[in-house]
Structures are given as C-alpha cells and as structure tokens.
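Input sequences plus hints: build the corresponding full structure.
Sequences listed follow chains A and B, in order.
With our numbering applied, the first sequence corresponds to residues 6 to 355, in that order.
With our numbering applied, the second sequence corresponds to residues 6 to 355, in that order.
Just so you know, these hints were derived from the structure itself, not from any lab.
You may find that some hints are simply not true.
All copies of an identical chain are treated as equivalent in the list; a pair is satisfied when it fits inside any one copy or across any two copies.
Below, in silico cross-link-like pairs of lysine to any residue (SDA-like), each with a Cα-Cα straight-line distance of 25 Å or less [said to hold, decoys possible]:
1. Lys342 x Gln170
2. Lys342 x Gln354
3. Lys342 x Arg312
4. Lys342 x Glu244
5. Lys342 x Ala316
There are 2 protein chains.
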Amino acid sequence: MAMTMTGVAPRLLRACRREPVDCTPVWFMRQAGRYLPEYRRLRERYGLLDICRTPELAAEVTLQPVRALDVDAAIVFADILLPLIPMGIELEFAAGEGPVIRNPVRSAGAVEALRPVVPEEDLPFVLETVRLVRRELDGHVPLIGFAGAPFTLASYLIEGSASRQYLETKMLMLQAPAVWHALMSKLAEVVTGYLRAQVRAGAQAIQLFDSWVGCLSPVDYRSYVLPYSRRVAVELAEEGVPLIHFGTGTAGLLELIRAAGGDVIGIDWRIDLGAAWERLGSDVAIQGNLDPVTLLGPRQVLEGRVRDVLAQAAGRPGHIFNLGHGVLPQTPPENVKAVVEMVHEYSGQF
Amino acid sequence: MAMTMTGVAPRLLRACRREPVDCTPVWFMRQAGRYLPEYRRLRERYGLLDICRTPELAAEVTLQPVRALDVDAAIVFADILLPLIPMGIELEFAAGEGPVIRNPVRSAGAVEALRPVVPEEDLPFVLETVRLVRRELDGHVPLIGFAGAPFTLASYLIEGSASRQYLETKMLMLQAPAVWHALMSKLAEVVTGYLRAQVRAGAQAIQLFDSWVGCLSPVDYRSYVLPYSRRVAVELAEEGVPLIHFGTGTAGLLELIRAAGGDVIGIDWRIDLGAAWERLGSDVAIQGNLDPVTLLGPRQVLEGRVRDVLAQAAGRPGHIFNLGHGVLPQTPPENVKAVVEMVHEYSGQF
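Structure representation (structure tokens):
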C-alpha cells in the first residue's frame, strides 16, 4: 500500500477501506480530458489512440489534472475499449461520434473468433503508463487503474457503438443465451487479466466501469451479468487493492451490484447518495454522485449541491466524492478545481 | 364512470382504484403503432400528423389493438408533442429520427412567445377522436387520454429532439431558473387544459407521460419539476378520473413522483415491481413493468418474465400490467397478444 511522506495511507485508500480521513477524498471520472486546455493542446497533435499507446503522452495526460486540480487520485489515461483491439475488434473513433466498431460481435462464430489477451504483450503501453505515473507521483496521490466491466464491453461489442436502447445486446441475451454466456466468460477473463496486470504494474486501486448496466432489469442483471462481474471481483480481491464498482442508472440494481462485489460502489446522481448508502449497507464504501451538468451552472448552485452530497454522506467514513459520470467537455476547469476545494474544506463540517 | 354491460366497472378502472378484479388488466404503451401490420398499411398512405389530425383515422388506429389483442383499455392515438404546435413550435417528423423541433426554446423571449392553447379550437381533432372512439367502444373497454408531462415537453422544446444527456435542458434549469419556471408554468397550464378537455370529451382515465424525467437527480426533480406535475395532478383530480403518472428510469425518484400525484404510478423494468411498490406504499396503484425487449425473445423466456411481474404484484389489488415503455416496432404482434392471454390467465394463480 502506498504511504505518503507522513507515513499515513492516502485518504482515497483509507476511504476505500472505510477508515477515518482528515477530509473527504475527491477525484473525477474523465478528470483528464477535453475540458482541460492542456489536454486539448495535446489532442491537436495526437489522436486518442496515439496518446493511449505512447506511455510518455498517456502519463503526461494522467498527471495534468493532478497538477491542475489537487485531486486525491490519478486515474490512468486509457480508453475502456482498448482491450477489445487485441481481441480482434476494428475500432475507430469517428469525430464527434465516439467509438465505432466496424465488425460488431453478434454470433457464436464471432464470439469464438475473439482472441484471449496477454496484457504484457498486447497492452504493454498501458502497463508502462502505470509504471511511469507511479514514478512521477512518487506517493503524492494514489493511482487508480480501470477496465470496462464485462457487460459494458459486451454492449459495445454487440451494438458497435454507444446505444440508447441496447436492443441488439438484450436480444442476444434472450435469443442466444449460450452465445451470450460464452462472450461474457471471455470478457470476464480478459478484464480480470488486464486489471491484474495493472495492479502488478503499480495501480493502487481499481475501478470497474459498468457504465451502461443501468439499462437492464434486475432479473436480467442477476442472470446475465452478475456472475461475470463477481468473477472479476473475486479474482481481483486476491491482488489486495480496493475495487470501485461503478455504474450509471443503477438505482434499481444497487443490492445486486453490491452482491457482485467491490469495496466501493460508485453511483450516479439519479438517486440520493444517502438513500443509496442505506440500501447498500454500512459495510461498503460509496463513491459519487454530483450530476456533471452541475459544473456548468452558477457557482452558488454548485456550492449548494456539493454541500448536499457531503451532508448525505456525513457521519460515517467511506465516502469518495466524485461526479455521477465523467466531466463534460464543456466544463470550465476552474469549476472542477472549485469542487475539489469545497470538498476538502466543507467535508469536516458535517 | 363507464359501466360494462354487466354493470361492473371495467377492470382497468377498478385496478386504478385498487378495487378487486377478476384478473389483472393489461394494456401497452404504443399498442397502436408500427409493430401492427394494419397500422403500417395506413402509414404507407398517411403521415403521422395526418393520422392524428383526421379523427376517423386516429380512431381507427386507436381501435386496431383493441380488436387484435383483447387489451383492457384503448389509448387515444396522438403524439405527445401535438400541443406544442399551437404554442408556436415548428415540429417535423424526420424519417427514422423521431420528432425534430426547428426552433428550440432556450431564452426568456422564446418562452414569452409561446402561445396558450385552447384545446377545443387548437386541437379539436384529438377531442373528436376521443368522442368517436368512445362511441365505437360502446363501453367495451375504457379509453385512456394522455399528455406529456411538463418536464418531458420542456426537454423536447429545449433540446429540439430526444436527447441522451439533456444538457441544454439542465443548463437552462441551472443557469436561468426564472426562464425555466416560466416555461414549466406555461406547460403545466397547457397540459392541464388539454387533459381536462380530453376527459370532458370522454376519456375515462389519463396517463401523464414524464418519459424522460429519469435523467434528473432527486434534488432537481424536487425543485424544478415536482411543483408543476403536482399542479397538473391536483387540477385533474377535480375531473374525477384516475391519473396514471408514468416515467422511465425513475428508481431513484419514486417517492417524489408519488408526492407529485397520481392514482397509479407507472414504472419501467429497471426496478423490481415489488421493490417499487413497497417504496410507493400500498395506498397507490402501480403499472408496469416488463422490458419491451422481452417481447422479442423466445416464448418461454417471455412467459417466465410475465409470471415474474405478476408474482411481484400478487396479494394486493391495484396492479395494471404494462411494459416499462412503448412496444418496440420490431415486436411480433403474436407475442403482444400472447402476453395479454398470459396476464389474464395467470394473474388468478398468484
């Protein structure tokens, strides 16, 4: 476990374990990204995948928000779809459209053709980025590694892009359950290996992004998703770093997501943090949950909402402040920095 | 109140009032629509708005699923955006893209320019459709009228189309609250007048569609939406017909939606119906909540899921079976019919 200069574990890692903290730790999903001018300048010269594949650039981008914002964690800069490329997927980032997969996976044959991933050979740049960032951070704040959860990766593979209804994904589930289970099994293995490699390279906590799982009914989640997320969580537990299990739109799935595993459950803004924590129980930590749009509003509203979230988490250790999803590209960086200051300053008041 | 031939109120209306029923009533959002071949044949000759504006055609489309499926209610065929047209909106239905508004409303001036609606003058075709359908149904099943809720209408007005993040909508809320409240106030008035006119023309129950409200945090819902939905509900209560208050993705908002009003709360599949009803309390009826994609799956899975929903509602009156959102265009009509039969047959078994 990383130790700070003073010999106390960083507050992010303490919060993951529900140990007392001096103030609430805060970081942001997509804290490295398009809202930062220093990131946009780099993107004028390099493509997204170029940055991911060049450890010096990816490390630089990872560190930008740590320098600019005083956040309590770095998160390795990578795309959640990276591990799909060595599996055999033709991935493109169409301008303004997000990722597009030219050969979506919708048949037994297509699942069969997916190759296993050896992270050290297939994704060495991610692991090298982890090592570089750890060296640069030198214990200043911990580094979070991450991967997409099997369901969210499956939904991209099957739909070929982000989706509104996840029709193809759900149809594969219902109409070809054997194909579905084979796909999820392969993905669970890839995700586990990829995360394990990140931990061994130096990641001190892991976030599992099941970003799109909120499109499912509890009964579908239980049958088609939970066993695979649990498999990842159980195998990762052996690595001894905390796991943050995140999804959006999960207000109806919380108990099942918890059952799948994770030391911290990440939630979005569509549920009160206090209500969510009550349902999750007090023996798990929680991460969230400000609506990212709030950072585009007036400072006074923003301040009120930050206080609301902190108040709902008050009185017990184990809260990590974050947004309910990624920082929006339109966000003024000074508002992001202001949230960090508010969280550090106000969290002692509740 | 409509009486059937036997002098007993139809089971849909009984369920709305949580009175005992012979079996669970069932209808479907978008039960009149593209999945029905008889509807598609009409659409080859007429545009969507043409059908809405021609009472004989709209009545025919309204009655198609009643004849084909043995559902327990008809719902007037109309588009939720119709009342926006007399307010001054340029609405188009782009092929395959859904509704597009060419002049979105994002300023105080634009809100100011929105005209009030006089349903009898501005939307006479909807009211005439209601009257025609009532005559044709002759007490066979009740007729449901409907409108979009103020928030969902506002989101279309502001975004100009359906949206994924509702960024413009939320930004108007946060950055220009006075404009937001003026808009919602106008919309609440239009919606109330439009629904009242439908009831007076013969609608025997009303559904308020707040389809997109699930994008909001509880704190935003409470401040920016609840007062206006409540205003509609309170004013409608004077008309003496049951109100079904529906939204999707509302698992974190249920208590607030209930507080806004409605005799029946409509939920989607993202929460277990039993868990939702427990949170709503037993003094309100519930509608839902099968995932529409289930109707594209194998019959055996479909049957299991219908039984699951019925089992969760068992033991107390006040359940109306429905999907969690509209019937998908790809749905085989025979599966829709099969669900009606299953609900009628199995609901006595729980």
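These are the hints, each one checked on the structure:
With identical chains, the CA atoms of Lys342 and Gln170 are at most 25 Å apart between copies only, with a shortest distance of 23 Å across copies and 35 Å within one. Taking identical chains as interchangeable, the C-alpha atoms of Lys342 and Gln354 lie at most 25 Å apart only when both belong to the same chain, with a minimum of 19 Å there against 59 Å between chains. Proximity of Lys342 and Arg312 under a CA criterion of 25 Å is satisfied intra-copy only: 15 Å inside one chain copy versus 51 Å between copies. In this homomeric assembly, Lys342 and Glu244 never come within 25 Å of each other (Cα to Cα): the closest approach is 33 Å inside a single copy and 52 Å across copies.
In this homomeric assembly, Lys342 and Ala316 come within 25 Å of each other (Cα to Cα) only inside a single copy, at 20 Å, whereas the closest approach across copies is 50 Å.
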